[in-house]
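Mind docking chain B on chain A? Use the hints.
2 protein chains.
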Amino acid sequence: MKRVGFIGLGIMGKPMAGNILKAGFPLTVFNRTRSKMEELVRGGAKPAGSPKEVASASDVVVTMVSDSQAVKEVVLGEGGIIEGAAAGSSVIDMSTISPEVTRGVASELAEKGINLLDAPVSGGQTGARAGTLSIMVGGERKAFEECLPVFEAMGKKIVHVGPSGDGQTVKLCNQVICALNILAVSEGILLASRAGVDTEKMLEAVGAGSAASWMLANVGPKMVSRDFEPGFMVWLQQKDLSLVLDLAKSLNLPLPGTSLVNQLFRSGEARGLREKGTQSLITSLEMLAAWEVKPNG
Amino acid sequence: MKRVGFIGLGIMGKPMAGNILKAGFPLTVFNRTRSKMEELVRGGAKPAGSPKEVASASDVVVTMVSDSQAVKEVVLGEGGIIEGAAAGSSVIDMSTISPEVTRGVASELAEKGINLLDAPVSGGQTGARAGTLSIMVGGERKAFEECLPVFEAMGKKIVHVGPSGDGQTVKLCNQVICALNILAVSEGILLASRAGVDTEKMLEAVGAGSAASWMLANVGPKMVSRDFEPGFMVWLQQKDLSLVLDLAKSLNLPLPGTSLVNQLFRSGEARGLREKGTQSLITSLEMLAAWEVKPNG
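For the record, the sequence lines run as chains A and B.
Per this note's numbering, the first sequence runs over residues 1 to 297.
Per this note's numbering, the second sequence runs over residues 1 to 297.
Bound-form chain A, shown alone:
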């Protein structure tokens, strides 16, 4: 059984690392804020003092950190994974970062014979806890197959989508679709409310037909009941949409819908909603309309 390392024990990383431990893999962990390691260490994980130390003790190192810069530091920086990892070992980066940065890191690791798989996830904290994440993986197929048991400990739908960087690109496509689906639900609910229709009944009536979506089912009721606590935070969605729009710019690709949603989320940021859930998008439309959806029931 492969020895696994895990770096980045945040809101997503910690339950994911927990599932790797539960699946029986020997696990070494590292987190900058050391206290976040305690629970996993009590569960049997070994604590390490640096990403390098994690890599020295592991065949596969998973990283789950906040952005492109953090991935570069943890993998290539001083005391980073590259200093401890053996040739033939694999790094799985499950953060959502730039596809271009991913390919750069992959080629630096490749020079030392280390594989990089980019493997961002969808499914949020709930999916991370339940081990039901969708995982979209870029990189060499051989490395993917070797690491599959590790992925299976964390996710349900695991797809090798192409060479290095493609996992990140697919994740960005995922974020485009999610963001526009949230706009769809927002405009539908706002129209119903403004026209005096029961918004809960509307969601019930349309949710079984061609308007059905994960967002309608999961985020629609929160909009209606005015519950803006985060599943996924506005600033994280915006970070991902920035990656989307940077990529699209580099490709000369206009994405008018995504761009609109990005601007509407910015209105949320301007109104102090950075750390609210993405369902708060509806409030940007409410501002435009000088109308607020009333909570039903």
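Take these hints with a grain of salt, some might be off.
[To be verified] In silico lysine to aspartate or glutamate, EDC-like type, Cα no more than 16 Å apart, as pairs:
hint, chain 1, residue 1, chain 2, residue 2
1, B, K156, A, E204
2, B, K157, A, E204
3, A, K2, A, E152
4, A, K156, B, E204
5, A, K157, B, E204
6, A, K249, A, E100
7, B, K157, A, E200
No lab work stands behind these hints: they were computed from the structure.
Positioned in the frame of chain A, the structure of chain B alone reads:
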């Protein structure tokens, strides 16, 4: 068992009337193009010479016609339903029309003691054939309950959403959500294609997570395989979005996303795609990008 009448045997109406017949209701039918009645008449339906004649022979009359004007003519015009229907009978209008027109027709019928239920549907021709339509019903609850067995012959998810006109309003909300979900899938696929990622793998990887939608599952593969044959035609979607934007205008409600999709569909109309399926929305974005998604596999 109630005697049912059915007026408007188009692409949706004919299979819906067929399901009413199959459920054992005595059925009288009328269609302007008489040849469209033949199959149902061979199946046991009685042909009528006018909407008035249908109404005289029925306790419940269903209408499934093209637009607000057609509903007014068939219900209130010369030889219309209002001339034949008895007090206490019900008219079920399953067309998608203006909520305001619906309320006007309802109040004229009410003067003669005739109920109007507005009951537009979602689920397309497939749902009409299979009897699995979603039906969103506005009007008086008592009339709704009396007509429920007729609805159950045609649909699966049947929700009484509120008073007269609310069925139409909910259908318009449904169309807002559908249209924006199509934009979501279009932008996601275009980004994947332009970035050189396998579009089928992208759809597979994101379709099980928070990007999941009926549109992604049903319309995404058609976009990728360049199949633009209609499930639902662009001009019908545009007719519905016009109703949405008229309603929103009357409510002083800005709907920036819906408005954008409406304009992008207009580009399709300008390029001769009126009678293609709504999945052809992606070609409007392709025009903007001077890029065409390649068929995979």
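Against the structure, the hints:
1. K156(B) - E204(A): holds, 13 Å
2. K157(B) - E204(A): holds, 9 Å
3. K2(A) - E152(A): Cα-Cα ~13 Å, so holds.
4. K156(A) - E204(B): holds, 13 Å
5. K157(A) - E204(B): Holds - the C-alpha atoms of E204(B) and K157(A) are around 9 Å apart, at most 16 Å.
6. K249(A) - E100(A): holds, 13 Å
7. K157(B) - E200(A): holds, 15 Å
Hint compliance for this structure: every hint is met.
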